[in-house]
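Make the full structure from the sequences, and use the hints.
Number of protein chains: 2
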Amino acid sequence: MKELKSYFEANKDRFLDELLDLLRIPSISADPKYAPDVRRMAEATAEHLRKVGADQVEIFPTDGHPIVYGEKMVDPKAPTVLVYGHYDVQPPDPLDLWDSPPFEPVVKKTKLHPQGAIFARGACDDKGQFFMHVKAFEMMMQQNKLSCNVKFMIEGEEEVGSKNLEKFCRDNRKKLSCDVVLISDTSIIDNQTPSLTVGLRGLCYMEVEVTGPNKDLHSGVYGGAVANPVNVLCQMIASLHDSKRRITVEGFYDDVEKVSGKERKAMNEAPYDEKQYMKSLGVAELMGEKGFTTIERTGIRPTLDVNGIWGGYIGEGAKTVLPSKAFAKISMRLVPNQDPKKIEKLFARHFEKLAPKSVKVKVTAHHGGYPVVVPTNSVEYKAAEKAMEQAFGKKPLPQRGGGSIPIVAMFDQVLDARSVLMGFGLDSDDIHSPNEHYGLYNYYKGIETIPYFYQFYASLKKK
Amino acid sequence: MKELKSYFEANKDRFLDELLDLLRIPSISADPKYAPDVRRMAEATAEHLRKVGADQVEIFPTDGHPIVYGEKMVDPKAPTVLVYGHYDVQPPDPLDLWDSPPFEPVVKKTKLHPQGAIFARGACDDKGQFFMHVKAFEMMMQQNKLSCNVKFMIEGEEEVGSKNLEKFCRDNRKKLSCDVVLISDTSIIDNQTPSLTVGLRGLCYMEVEVTGPNKDLHSGVYGGAVANPVNVLCQMIASLHDSKRRITVEGFYDDVEKVSGKERKAMNEAPYDEKQYMKSLGVAELMGEKGFTTIERTGIRPTLDVNGIWGGYIGEGAKTVLPSKAFAKISMRLVPNQDPKKIEKLFARHFEKLAPKSVKVKVTAHHGGYPVVVPTNSVEYKAAEKAMEQAFGKKPLPQRGGGSIPIVAMFDQVLDARSVLMGFGLDSDDIHSPNEHYGLYNYYKGIETIPYFYQFYASLKKK
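Quick note, the sequences are listed as chains F and H, same order. Note that the numbering used here has the first sequence beginning at 809, numbered continuously upward. Note that the numbering used here has the second sequence beginning at 809, numbered continuously upward.
Because the hints were derived from the structure by calculation, they are not lab data. Ideal Cβ placement from N, Cα and C applies to all residues, glycine included. Hints may be right or wrong, so weigh each one.
As the list claims (entries may be wrong) - Restraint ranges, calculated between C-beta atoms of paired labels, are given here:
#1 H/S1047 - F/K1070: 34 to 42 Å
#2 F/E1058 - H/V1064: 17 to 25 Å
#3 H/K1052 - F/K1070: 49 to 57 Å
#4 H/L905 - F/A1074: 50 to 58 Å
#5 H/E1093 - F/N1145: 38 to 46 Å
#6 F/E1058 - H/D829: 45 to 53 Å
#7 H/T1056 - F/L903: 35 to 43 Å
#8 F/D863 - H/D904: 49 to 57 Å
#9 H/E1082 - F/S1047: 22 to 30 Å
What the hints assert, rightly or not - Listed next, the stretches of chain H that the computed footprint assigns to chain F, with coverage defined by at least 3 CB atoms under 8 Å from CB atoms of chain F:
#10 832-841
#11 857-869
#12 899-908
#13 1081-1095
#14 1159-1167
#15 1238-1250
What follows is the structure in structure tokens.
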């Protein structure tokens, strides 16, 4: 692959500049007021695909944000790779914690990224990662090295639950037919320890509203006589965990897969420095389910977190109000074989049952997603393993990821295609946080690795 | 008092218009961006005092919002009444729950106010009530019926804890020397059941900040391994009450005065319709300390309420964040003989002790205030009782109020003067809530009652 190497060296600065331009577009899918920017980002993505030689490039409208498609069919006998990614990003708040504006990318050196890292919302999740595929495709096209057919499907609603992707897949089954889905939206253990994600947690995301009195009251006149919905909500949330930090929702653990001692042992052999982990987070102690290690808690155990809470007076100073309502966003990460639809129902029933008569409770569900396990003995896994080994000089470790990419289970079901989760980020890249960044090393290493995947996948499939 | 009556009838429409003008000024003391409006309100108040004949009118600057002073000395041998009130108002949020804009007063009829009520922030608390004194003073001046010396002290920081009033009182002891402090900032039981407030709860208002990790994290990558400050805060808040809804802060009840069975029995004879009370609040059940009635829970028992809570993502849609910080404003209503300074310390110590090692906690105190009991056998109480009886045709009931006017205890201490709490609002007037209002009946009845007080107070003092 010498030709690719020299093409890469000659063009890498441009590869970076092009990514920086994409990072300047605030394609925040959760906030309706950014819809024009999301649209602009879809157009920029389509334009890039066209420029590097994809055919049939089209921006497909959905009920939400559009999906960008493009393809290159080189040989009807060659296997087909469907590249999935997303061009939308998380909201950047809290803004005041960013060291530089989230949509004005800068490259800065850090301890973990001595070659420099790109700081911007979306740098790692997922603009930097999906764009590696566009650039790897450009290299293969230019050097006539494309050994597989390629289809790109880059969506704009991953951060809000990929609401319209399933319908698009169902409606376009034939167009999207493929042998494997290739996704870069996960991380490696560290830059010296490549890894492939072989499991993802599922997600169940709920919103709750607790109503006490029908209006805000004076806490002096009514305090002590009327249930305060904030106090009640706190009590309800507190009761969602027991003293062992197990989740108390009835039936919650019924379908949780039991992981063998052998598998747990292997998992815990991954490099992990608890002191360094706590130091980087600034915490004096970790907190999690009793009887499990941190790697297990984030990999094979389900969890429940409040992602947001609000109610009453939250301005400056003091207001003696007994509020009418309190709200929380509560999400659960699920593991095989938990079903997010079933967990939604269990949670809603449990939460409604928890509520004292003195309040009313409304529970609604945001998006959810099924947990995923990737088999490590498949052709696609072996191709990815060899590709990373070639690029990093080291065989990647199989790793369970704590996050969720709900669409992986959907691809399996709707397109009958298995996914390869070959991401290049680091857990410390602050995705979903202020100062999100993505290492230049990682960006370039991804662009280098992807063509190897095509090469090995085509040759393994032929056998 | 016939002359006053006819002067009142001839001028009552103007009395209303003048109040409406004052209600148009958004004198929100808690929010620094309204400082110019607060200033404008102080000037308007001073101007009104001047216009009706007060001398020595002056706007005294403080480290916060200014205090308006004015006086009329009619006879060195007559007793002196110090009228206290406040021209600042609570923030109006949540704005979307107001039926009409909070600073554009409208008069509308309601079930409880068939003659009409003025809807605006501050209508009852306290612009409508302090301004009754200005108008009653005008009537007495015009008709040459002022039987006491009068001093007005109208401040602009009651809703933010009267931070600078004590210093002003200490610095101006002589200027403010008086026989009694007359305050209208409380309520009567209903328009058919006049009452005088003989007890007020104290206040201790705290703000807490819980910090988990040093930045917002992705709840998929870190969820289950790192303490979530929102979950922890909820747990801590939940634990502040036990199953009997008693407050668990160590030592909290140590100084609570035991109220005799006889007093409790008398208190519970006040008109109170629990069904109606629940209906008006839209709740299916009340919640409060076991073993006490609603009247007792809001009158003689201390309470703890969360006034505001916030943390994590509170925008539209779903964000899978494990937040770095969570916050709450928590206030306690205190009863005799609890000391707010002591309770602040007990709360802070308790809250800090509650925190697991996995988080950091910061506890700060906003303003506080001492609880108050007014003796019913004093000259000033008897004068107020007779004045109300004269105006309402019915002897007022002594009543313990749930709210706090922290400065009453301070007047006692610094000015060596007892206060009379002769307010004319209703508990249902939605002070501190959207759609605050004040009955025209109540506004006019107050203006009618106040001159009787002066008359009876002067004559009882002479004896």
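### Query
Taking the CB of H/T1056 and the CB of F/L903, does the distance hold inside 35 to 43 Å?
Once the Cβ atoms are compared, 38 Å apart, the range 35 to 43 Å for F/L903 and H/T1056 holds.
### Query
If you look at each residue in the stretch 1159-1167 of chain H, do at least three have a Cβ nearer than 8 Å to any Cβ of chain F?
Contact hint for the stretch 1159-1167 of chain H vs chain F: holds, 4 residues under 8 Å.
### Query
With a cut-off of 8 Å between beta carbons, are at least three residues of the stretch 899-908 of chain H near chain F?
holds (count 4)
### Task
Go ahead and decide if the range 49 to 57 Å is satisfied by the Cβ distance of F/D863 to H/D904.
Given about 51 Å between the Cβ atoms, the range holds.
### Message
Assuming the hint says 49 to 57 Å, is it satisfied by the Cβ distance from H/K1052 to F/K1070 or not?
### Response
Hint holds: Cβ distance 50 Å, inside 49 to 57 Å.
### Message
Quick check: does the Cβ-Cβ distance between H/S1047 and F/K1070 fall within 34 to 42 Å?
### Response
holds, 41 Å
### Query
Taking a Cβ-to-Cβ distance below 8 Å as contact, does the stretch 1081-1095 of chain H have at least three residues touching chain F?
Satisfied; 7 residues make the cut.
### Message
For the hint 38 to 46 Å, verify it against the beta carbon of H/E1093 and that of F/N1145.
### Response
holds, 40 Å
### Message
45 to 53 Å was suggested as the range; check whether the CB atoms of F/E1058 and H/D829 agree with it.
### Response
Because 60 Å falls outside the window, the suggested range is violated.
#### Entry: CB-CB spacing for F/S1047 and H/E1082 relative to the 22 to 30 Å hint
holds, 28 Å
### Message
Please verify the coverage claim for the stretch 832-841 of chain H: does it have three or more residues whose C-beta sits within 8 Å of some C-beta in chain F?
### Response
Holds: 3 residues of the stretch 832-841 of chain H have a Cβ under 8 Å from chain F.
#### Entry: Cβ distance range 17 to 25 Å for F/E1058 and H/V1064, holds or violated
The hint (17 to 25 Å, Cβ to Cβ) is violated, given that F/E1058 and H/V1064 are roughly 39 Å apart.
The earlier numbered hints that this structure contradicts are 2, 6, 11.
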